[in-house]
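Chains as they are written, first to last, in numbering that gives the first Met the number 0: chain A, 0 to 344; chain B, 0 to 344; chain C, 0 to 344; chain D, 0 to 344.
For the record, the hints were derived by calculation from the structure and aren't laboratory data.
Here the structure is a predicted model, which means the values were calculated and not measured.
There could be a bad hint or two in this list.
Remember, identical chains collapse to one label, so a pair may be satisfied in a single copy or spanning two.
[To be verified] With a cut-off of at most 30 angstroms between alpha-carbon atoms, the simulated DSSO-like pairs for lysine-lysine come out as follows: (1) Lys250 with Lys170; (2) Lys2 with Lys30; (3) Lys170 with Lys254; (4) Lys185 with Lys30; (5) Lys250 with Lys185.
Number of protein chains: 4
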Amino acid sequence: MSKNFLIGIVGGTGYTGLELLRLLLLHPQVKIHTIASRSQAGQPISDIFPGLENYPLFFEDVNLKKLTACDLVFYATPHEVAMGQAGELVKAGVKVVDLSADFRLKNTTVFEHWYCQHSDPELLQKAVYGLTELNREAIKTAQLIANPGCYPTSIQLPLAPLLYEGLIETKGIFIDSKSGVSGAGKSLSVGNLYTENDENFRAYGVAGHRHLPEIEQELSHFADEAIQVTFVPHLLPMTRGIESTIYCQLKEGIKLTDIYQVWQKKYAQEDFISIRENTPPATKEVRGTNRCAFSAVIPQQRNTLVISSVIDNLVKGASGQAVQNMNIMLGLDETLGLGQIPLLA
Amino acid sequence: MSKNFLIGIVGGTGYTGLELLRLLLLHPQVKIHTIASRSQAGQPISDIFPGLENYPLFFEDVNLKKLTACDLVFYATPHEVAMGQAGELVKAGVKVVDLSADFRLKNTTVFEHWYCQHSDPELLQKAVYGLTELNREAIKTAQLIANPGCYPTSIQLPLAPLLYEGLIETKGIFIDSKSGVSGAGKSLSVGNLYTENDENFRAYGVAGHRHLPEIEQELSHFADEAIQVTFVPHLLPMTRGIESTIYCQLKEGIKLTDIYQVWQKKYAQEDFISIRENTPPATKEVRGTNRCAFSAVIPQQRNTLVISSVIDNLVKGASGQAVQNMNIMLGLDETLGLGQIPLLA
Amino acid sequence: MSKNFLIGIVGGTGYTGLELLRLLLLHPQVKIHTIASRSQAGQPISDIFPGLENYPLFFEDVNLKKLTACDLVFYATPHEVAMGQAGELVKAGVKVVDLSADFRLKNTTVFEHWYCQHSDPELLQKAVYGLTELNREAIKTAQLIANPGCYPTSIQLPLAPLLYEGLIETKGIFIDSKSGVSGAGKSLSVGNLYTENDENFRAYGVAGHRHLPEIEQELSHFADEAIQVTFVPHLLPMTRGIESTIYCQLKEGIKLTDIYQVWQKKYAQEDFISIRENTPPATKEVRGTNRCAFSAVIPQQRNTLVISSVIDNLVKGASGQAVQNMNIMLGLDETLGLGQIPLLA
Amino acid sequence: MSKNFLIGIVGGTGYTGLELLRLLLLHPQVKIHTIASRSQAGQPISDIFPGLENYPLFFEDVNLKKLTACDLVFYATPHEVAMGQAGELVKAGVKVVDLSADFRLKNTTVFEHWYCQHSDPELLQKAVYGLTELNREAIKTAQLIANPGCYPTSIQLPLAPLLYEGLIETKGIFIDSKSGVSGAGKSLSVGNLYTENDENFRAYGVAGHRHLPEIEQELSHFADEAIQVTFVPHLLPMTRGIESTIYCQLKEGIKLTDIYQVWQKKYAQEDFISIRENTPPATKEVRGTNRCAFSAVIPQQRNTLVISSVIDNLVKGASGQAVQNMNIMLGLDETLGLGQIPLLA
């Protein structure tokens, strides 16, 4: 097959940029036209990532001309970069998938509360939220995708259909999420050092994490009412993987089979969703893959539903879902380049 | 100082037995009189634990005569061993601390549901539950201590005073606990292998874990009403440490300062309790110590209280608390032998 | 592409069997016709490996009829299984790749010293040693491949050409190898438990490891004289990866550029060999891939050459090299199904 | 016991400073008079190290007056700090233990080659090398101790007596060392990040590591001739622990029993040395302790001796040995405050 589509990556030196490389270099239909990194311009990618020596690509400075020559551009940059550049690309007809949070929150006041003032509120309204399985139709024709956060992806996939179908109460949702350290990115802080995380586990961001408004915005949409949840993230002593344990209240008369029936109806045909009965999934079962696996239990036949949901934060939680969205936007088979089998050992 | 008290350990080859050795060998007032292990009888302890070569002890077969010569005997055995032997020791005037679950559940029907038929229901009623800070008076005169489970210890210490003082609702308590792999013991199963746990995280026992009835029994006691909680344990890719994130509903008008006031009142004088404001504690901060550290947050000023509580599962969650109870039962300073500073790095 | 070749796997539940599944299920030209496991016969593979739920295969009992219907059969069994079964398959015209040690040592006396009496010495003489880059021509027409050990693979690839070309002394070779725990397999022993390996590192098998005679046999072949080496393996607190640091003496007048020149001449066209200048490779750079990467340094301009060589023990050290050999034996492109990019994060 | 000696620590926020705190806060005879950190002056130590909340100490600016009031001052600073300050303290009669490399190399030309110009060459000549078991007499009367490097400690303890007694050849010594990540300190670099080290292993500093001249200087001293060794350090995916595997050539006629006899003669009375027969020691067996454990094997009855030596890099490899030296310098029992039992699980 010839590689028909030209792709740009802005911000290629972090962990989501690296993961985009891992997926796109093997993708049968796309070609990386430019990978931009101000700090590493001129360096071969294998100087930063020695395992990629078979791929003779070089980091370049951000080059608008090369970016506008692309069919699609990924932003794997810190917040506030994409919102300054995406408008021009979109105007030039280039499709954009932003892996940062810049276009995730529709309400600019909320955005400003959690991040900063938004510099392109007009474009923000046109951005399409890229949780693929829940928003596929809009993604097909989108020019700009706000790729979802890692925690929100693991949470919405099991929860959204249950709220939409009215199987659970909209009050009393508690979400206890745990993430591998790669989710914190490659920034140099004491908290990211090996010795601080090895053999260690802790809650963080309890008073408020930036993914909370994203979770509430999207769940409210599916419930068709304003929803507030309690969301507590934790840091795991491992590199990849998110597990979210979600506690919610069943509406009267709802049984476990109803839950599974709704999930089956919604997801039976989905390539990247694993509905697990009996044993909750382990993060290793989706490591390196674009898959989300989840299970449900009603402990002790009481009224609480416990969902356990796992993803690889760098794949379905970031770069994998970004590629999935790219496939859809470019009219390709959605699973292209995403057929990885997990490294179970 | 002369070492005045003779101590026996039954079941010294597992991880809680090993941890008893680590603590008791340096304890200034006790001497290990016999350490029993059927499978290793005759072996020097340093054959099993090479780091203990300075201590010339030998595993022995279980020897009732030597055990009855002790002032106090620890059972660090699988379930069903202590309930068959403790009676005889107690009759002989020997104090017993059982680290297994044999004497934790007062209701024999409940015990049978989760474990097996109880072989000494009479003795069961005399056993004193050994969560030291919550039951110190009874421990002082106890002949037989049911040393608490690891998860229940991390949960009750912060929760019990809040229930007792009526600050939180007795309904709607969700407990999301995470434990290092040493909590699963040294048994040979695929689930305990290195490769199965490294870089992996998973929920387990969602439908029902044996610590659930223990948690509910004790919390009900403090709330003075029957309490049901949702409890989900998880397995962490590390050796030691438990973190429990607890979600509960504040009674009307209760503020965060009320929570901290109750904790201060209850625990300000306690040597092994760290009340943390602001940042939730990390498990590493109590590693190797007998300490329990916890914090509270009311996220987004809504109505839910989020507690994060950490212990070392092998110390405060098992052998350390057992030694703390021993100190009390023998009339010693409660902190003797328990002054460890954590290995933060 | 239609999948043209039928493949059998005997012993599919261990880590090398699992890794064969990971590679073969995505291979474009082969189809798994039977996967045999006595202990799990009748179970879907996803019951043992939940991440493989998209692949509706079932473990079967060892079935000679199904095996003889295959084009090629892999043995991913403990020692002594393949030597009892391979003869019959070979007679039936089935190609066999044995991942165990049964056919690696040509000298039956040596084999018996390290393992047991060999039950098929005749077939042993026909077996071809499957270190692909060093033995490709013989592999093309082989009926039975003795797939190399993991340590020997990491050692021979850099060393063999240097011995063959006479650049280093044949005496004074010291090999210090380190392996992830998956190399020890999935057997239930205390030494394989999580808690025994986490945060731990140790030498083992110093007095003699079964890979020593394999290393000496093969290096002697390339040096054209009997070679004795010192080989010490160690166990790393991680799942995958081997690093071998090799110390050897340069022959008079040999410079670092000579070393690299020989490597370039031998390996420049090889798809799975990375010759690294400057920085020694890290195991993560080959994780999940069939690649071997190595570097050379002459510290302080003295006379000792230090080689650092890395592989993924489950891929190039076992199942990946087995698939590479399969590709050659079946007349396929050698790289088919082996194009993985490492999980650098 | 009253705490009779006043101690100062300069540079208390790194991992060796933290480890000094862990050891000294429980030491029965010393009191920390000042702990200096420019960056954290005014902060309680528990703000940086939350596990130390029971100890109400505050970081202070470096205060010469307070330091000169101390009996002994530790430097746990980066290189180049101690050499600028120690002279003044020594003049004031304060004893100094420098954990950095500033006073380890006697030859200023060598020092300059590996570090920088030495600013106090006169004092350098008076410094006593603090490898306690090998230099105890000189330490007793020293004013200034150059505390040894971590790798050199693990290497010299087993090797020095063999060289001194002439049991091994002085040529052909190969040292393959592996260290936990805490050895690299707390500095913010990509190489120290969690994700870069987790599930990873690599050689580094092959061309030349700063501990090489220290090792050669000291071994030459014991051999009474100039010795050159090959030394290759590696980085382990764990926090604490060093293992050095040392390959050397036996002099003619020397047997394994001769090796053990020399070690027994030298070390039988030592509290912190474990001579292991049979199985090589694991790093976990000395974790958190001031112990060095080592074993010797002559593989295959050939002529090469293989030594495996383990220490905890932060204890015997740094702060523990510093406290051991302090005890000697202050006329205290050498083992005071150093009786820890390892965390085997």
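* To do: With 30 angstroms as the alpha-carbon cut-off, assign the pair Lys2 and Lys30 to within, between, both or neither.
  => both (6 angstroms within a copy, 27 angstroms between copies)
* Between Lys250 and Lys170, at a C-alpha cutoff of 30 angstroms, which is it: within one copy, between copies, both, or neither? -> both (11 angstroms within a copy, 16 angstroms between copies)
* What label fits Lys170 with Lys254 when the C-alpha limit is 30 angstroms: within, between, both, or neither? -> For Lys170 and Lys254, the Cα distance is within 30 angstroms both inside one copy (18 angstroms) and across copies (21 angstroms).
* Can you give me the call for Lys250 and Lys185, within, between, both or neither, at a CA distance of at most 30 angstroms? => neither (43 angstroms within a copy, 42 angstroms between copies)
* Asked: With identical chains treated as interchangeable, where does the CA-CA distance between Lys185 and Lys30 reach 30 angstroms or less: within a copy, between copies, both, or neither?
  -> within (25 angstroms within a copy, 40 angstroms between copies)
Taken one by one, the earlier hints fail for this structure only at number 5.
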